[in-house]
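> Chains as they are written, first to last, in this note's numbering: chain G, 91 to 578; chain A, 91 to 578.
A couple of the hints might just be wrong.
Just so you know, same-sequence chains aren't split out, so a pair can sit in one copy or run between any two.
Stated by the list, open to error - Below, computed lysine-lysine pairings styled on DSS-like, alpha-carbon distance capped at 27 Å:
hint	residue 1	residue 2
1	Lys541	Lys570
2	Lys322	Lys229
3	Lys544	Lys561
4	Lys393	Lys561
5	Lys554	Lys567
6	Lys443	Lys567
7	Lys445	Lys259
8	Lys498	Lys456
9	Lys445	Lys492
10	Lys201	Lys373
11	Lys541	Lys567
12	Lys561	Lys429
13	Lys282	Lys432
14	Lys570	Lys445
15	Lys445	Lys393
16	Lys432	Lys445
For the record, the hints were derived by calculation from the structure and aren't laboratory data. It should be emphasised that the depicted structure is a prediction, and the values quoted were computed from it without experimental measurement.
Number of protein chains: 2
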Amino acid sequence: MDKNIVVFNTLTRKKEKFEPLNSAFVGMYVCGPTVYGDPHLGHARPAITFDLIFRYLKHVGYKVRYVRNITDVGHLENDADEGEDKIEKKARLEQLEPMEVAQYYLDRYHKFMDRLNVLRPSIEPRASGHIIEQVEMVKKIIKSGYAYEVNGSIYFDVEKYNKKNNYGKLSGRVLEDLLANTRDLEGQDEKKNPFDFALWKKASPEHIMHWSSPWSEGFPGWHLECSAMSTKYLGEYFDIHGGGMDLLFPHHECEIAQSVAANGKEPVKYWLHNNMITINGQKMGKSLGNFITLEEFFTGNHKSLSQAFSPMTIRFFILQAHYRSTVDFSNEALQAAEKGLKKLMQGIVTLNKIKPSANSDVNIIKLQHDCYDAMNDDFNSPIVISNLFEAVRIINSANDGKEKLTIKDIESLKKLFNDFAYDILGLRDDSLYSGNNSIDGLMELILSLRKNAKENKDFSTSDKIRDELLKIGITLKDTKDGAVWKVE
Amino acid sequence: MDKNIVVFNTLTRKKEKFEPLNSAFVGMYVCGPTVYGDPHLGHARPAITFDLIFRYLKHVGYKVRYVRNITDVGHLENDADEGEDKIEKKARLEQLEPMEVAQYYLDRYHKFMDRLNVLRPSIEPRASGHIIEQVEMVKKIIKSGYAYEVNGSIYFDVEKYNKKNNYGKLSGRVLEDLLANTRDLEGQDEKKNPFDFALWKKASPEHIMHWSSPWSEGFPGWHLECSAMSTKYLGEYFDIHGGGMDLLFPHHECEIAQSVAANGKEPVKYWLHNNMITINGQKMGKSLGNFITLEEFFTGNHKSLSQAFSPMTIRFFILQAHYRSTVDFSNEALQAAEKGLKKLMQGIVTLNKIKPSANSDVNIIKLQHDCYDAMNDDFNSPIVISNLFEAVRIINSANDGKEKLTIKDIESLKKLFNDFAYDILGLRDDSLYSGNNSIDGLMELILSLRKNAKENKDFSTSDKIRDELLKIGITLKDTKDGAVWKVE
Numbered sequence: 091m092d093k094n095i096v097v098f099n100t101l102t103r104k105k106e107k108f109e110p111l112n113s114a115f116v117g118m119y120v121c122g123p124t125v126y127g128d129p130h131l132g133h134a135r136p137a138i139t140f141d142l143i144f145r146y147l148k149h150v151g152y153k154v155r156y157v158r159n160i161t162d163v164g165h166l167e168n169d170a171d172e173g174e175d176k177i178e179k180k181a182r183l184e185q186l187e188p189m190e191v192a193q194y195y196l197d198r199y200h201k202f203m204d205r206l207n208v209l210r211p212s213i214e215p216r217a218s219g220h221i222i223e224q225v226e227m228v229k230k231i232i233k234s235g236y237a238y239e240v241n242g243s244i245y246f247d248v249e250k251y252n253k254k255n256n257y258g259k260l261s262g263r264v265l266e267d268l269l270a271n272t273r274d275l276e277g278q279d280e281k282k283n284p285f286d287f288a289l290w291k292k293a294s295p296e297h298i299m300h301w302s303s304p305w306s307e308g309f310p311g312w313h314l315e316c317s318a319m320s321t322k323y324l325g326e327y328f329d330i331h332g333g334g335m336d337l338l339f340p341h342h343e344c345e346i347a348q349s350v351a352a353n354g355k356e357p358v359k360y361w362l363h364n365n366m367i368t369i370n371g372q373k374m375g376k377s378l379g380n381f382i383t384l385e386e387f388f389t390g391n392h393k394s395l396s397q398a399f400s401p402m403t404i405r406f407f408i409l410q411a412h413y414r415s416t417v418d419f420s421n422e423a424l425q426a427a428e429k430g431l432k433k434l435m436q437g438i439v440t441l442n443k444i445k446p447s448a449n450s451d452v453n454i455i456k457l458q459h460d461c462y463d464a465m466n467d468d469f470n471s472p473i474v475i476s477n478l479f480e481a482v483r484i485i486n487s488a489n490d491g492k493e494k495l496t497i498k499d500i501e502s503l504k505k506l507f508n509d510f511a512y513d514i515l516g517l518r519d520d521s522l523y524s525g526n527n528s529i530d531g532l533m534e535l536i537l538s539l540r541k542n543a544k545e546n547k548d549f550s551t552s553d554k555i556r557d558e559l560l561k562i563g564i565t566l567k568d569t570k571d572g573a574v575w576k577v578e
Numbered sequence: 091m092d093k094n095i096v097v098f099n100t101l102t103r104k105k106e107k108f109e110p111l112n113s114a115f116v117g118m119y120v121c122g123p124t125v126y127g128d129p130h131l132g133h134a135r136p137a138i139t140f141d142l143i144f145r146y147l148k149h150v151g152y153k154v155r156y157v158r159n160i161t162d163v164g165h166l167e168n169d170a171d172e173g174e175d176k177i178e179k180k181a182r183l184e185q186l187e188p189m190e191v192a193q194y195y196l197d198r199y200h201k202f203m204d205r206l207n208v209l210r211p212s213i214e215p216r217a218s219g220h221i222i223e224q225v226e227m228v229k230k231i232i233k234s235g236y237a238y239e240v241n242g243s244i245y246f247d248v249e250k251y252n253k254k255n256n257y258g259k260l261s262g263r264v265l266e267d268l269l270a271n272t273r274d275l276e277g278q279d280e281k282k283n284p285f286d287f288a289l290w291k292k293a294s295p296e297h298i299m300h301w302s303s304p305w306s307e308g309f310p311g312w313h314l315e316c317s318a319m320s321t322k323y324l325g326e327y328f329d330i331h332g333g334g335m336d337l338l339f340p341h342h343e344c345e346i347a348q349s350v351a352a353n354g355k356e357p358v359k360y361w362l363h364n365n366m367i368t369i370n371g372q373k374m375g376k377s378l379g380n381f382i383t384l385e386e387f388f389t390g391n392h393k394s395l396s397q398a399f400s401p402m403t404i405r406f407f408i409l410q411a412h413y414r415s416t417v418d419f420s421n422e423a424l425q426a427a428e429k430g431l432k433k434l435m436q437g438i439v440t441l442n443k444i445k446p447s448a449n450s451d452v453n454i455i456k457l458q459h460d461c462y463d464a465m466n467d468d469f470n471s472p473i474v475i476s477n478l479f480e481a482v483r484i485i486n487s488a489n490d491g492k493e494k495l496t497i498k499d500i501e502s503l504k505k506l507f508n509d510f511a512y513d514i515l516g517l518r519d520d521s522l523y524s525g526n527n528s529i530d531g532l533m534e535l536i537l538s539l540r541k542n543a544k545e546n547k548d549f550s551t552s553d554k555i556r557d558e559l560l561k562i563g564i565t566l567k568d569t570k571d572g573a574v575w576k577v578e
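My request is simple: use the sequences and hints to build the entire structure.
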């Protein structure tokens, strides 16, 4: 298959031809969750974005090693180098061992990503499981002269690094501006400069998670894990590093500095960043009362939501925007996405009913090419979706007898949906795959058949329905608004 | 709630009153899978056994920290100290990074354990994520004098240990017999004695997974991870250590020796072991052609299976035996379990139809007490199940008007099933919870209604069924054997 992919590289701020280091293989590293809270939209967007990219790279024939980490230690409050560890704080509040907290939220993350049909990465390394590798990397950075020790903690010397290298090359920030704009935070006095960052922190007595190191009993700085684990599983220089735009600075900037200092070279050929989400035009935040978890979306159980939105509606909505655009969530926009997804799925159903003609009015191959062109152009999923809607228009038109499709057209349309809707966009029909929705659909039909039977005084049929349902554990109750059913 | 639990302790070979070290809390460690192959019955039994125990301990009010490890490094072929690492071998055969293999089979393990309704443990530590803790433990054992170094590898000195301690106290083996019965295996010449075991192995050049240590670039011995991780998350002395009987020797015996050598005390108060499974009376093994994965059971796709068996049938079948008895799998026995489970679930459905009487013929409270007595007696699930069947008999009899149940009886029966069938035994109605089975049941009903409609020449109904199904993505096809359906 021809692989003419072009990606927008944050590092160069332009679109570049995608040419992996080893032509048949792609190494991709994406920053995963800090597991101290329930998964929310901020988790869904990068997971779906890089799932799309993972799926497409595999679809066109690359063998992809996709590494997505789990941060289960070292991520301090406010992304700063001081304050409590996010997971330890949660553990203290819930009176649990920190690893119980991490395990609980990791399991929740997996559960909700599965529901969003996000494929599991090839390797999912945990920060706490790679302390040795992180300590080794700190040693290298010290040896190269870009780190200093204070009271058992090791800090990266940004100013010294910037003299020979360009700290800020990814984010476009300039060190002098950074210096001018940084407040002196309490407890930061150990550092030479406020923008220096911790590679290793000595654990204070209240810290539960700590390991021995040449410098102190302590724990790694948050930025370090991604450098150490990407190097371990993908090598010192690899193809793609992804993550949300919020991680661009300081997290990814620090990753570059760490790798250059430790390995003498930059780590990543293509840096890819998904844009942010907003809710009704506002940044999502606990203090704003618009912080909505995925579970709340799927159940509709949040005061800002007018209804439940299925995992596939959320996925489809996110894919309707290009990954480098912002996405604003609102009830109206999600309802529109729900309708659009239903129309798409209905088109696939209708396709199976169409009688082929001897000749053709349409050009399905062009649609297919347009979909590939869109994906090749920096993974432009909204253009793919608009082409799929054009396919649905053709199908409906053919179903109404207004256009003609040959057998070959129908086969090509089926392939188009299989490749793009299912395999690449990762959509699926919620009503069939999520147990409850499919039961809902079938039960609706059964209850309407029973209603008809009763109206026709065909009581043997209506009784049969009641009895057969009971056998599989469903009880019916007749109310003045019709029959309702319940799973016992 | 009164907690009069008695457990059979492998260490003392008798039943003992269960008294956790800290009265309100229970620490439980169970040996989890080596993730290098698809989950099979050998994984299902210990997982379900200790899930039952986990569920019951929580049910009676303990706060349980349940740790189940993942072996992703260091488990060599044939459990010996020589040969290839199981995961590395698989990685080599499949041309993957070892961690990709471990991740793949870990994900598969989770998927199938979820289907068996096995709850996730509180903490699921990975061996490769705890190298530091293992190295620290080796240092302690060396310091205590019970380990020696040869060519960068560290071995546990069993003979020396046995002079002051009892190596064999858990398994009942005697060192002299062991010596007499051990063959000299190739490559074991580094050890002083063949029964010595590796704590740390120097990595040969072809080994991919290795870490630095004071002795060599290498990897930990298999027995060590459980000692290091149980100590880390549960302390040096904790309540319950579980696992399959096949792990009793040498694995658990070595764990005791390691802890005594490192910490000066035995690690575990109660050792619990589930018995083995056989298939048609034979040990399950790849060479015998009777090696059946869980996926093969759930799909029926194996030459030895006459049909598919649902996850709940497998779970119910395993729980029908006491965990210390052997379980023999055969088509006949599984079919009987399937029938039994259906009967149980049908009883719960019937219960909802019963009209209460003013007076009672039965003693439900006694049934409830008998269930608790059974669980308190070393988690005797088969006795619980027989009591639930007695409850079903009462329900059916009351439904036939032969016995009387008061409202209170009915409520007690509902509580009995909720507590024991669902919460403690962890059963659920497959036909409702697994999407496909519930669709199967409802589709069977719908197709039979359509058949009737056609026979009665009620084509408006049969067409309506076809059209409504199409809307939710189900196509019907009429064949000479009746209608078949397909999800598009």
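> Of the numbered hints stated earlier in the document, which are not met by this structure?
When the structure is compared with the hints, numbers 4, 7, 13, 15 turn out to be violated.
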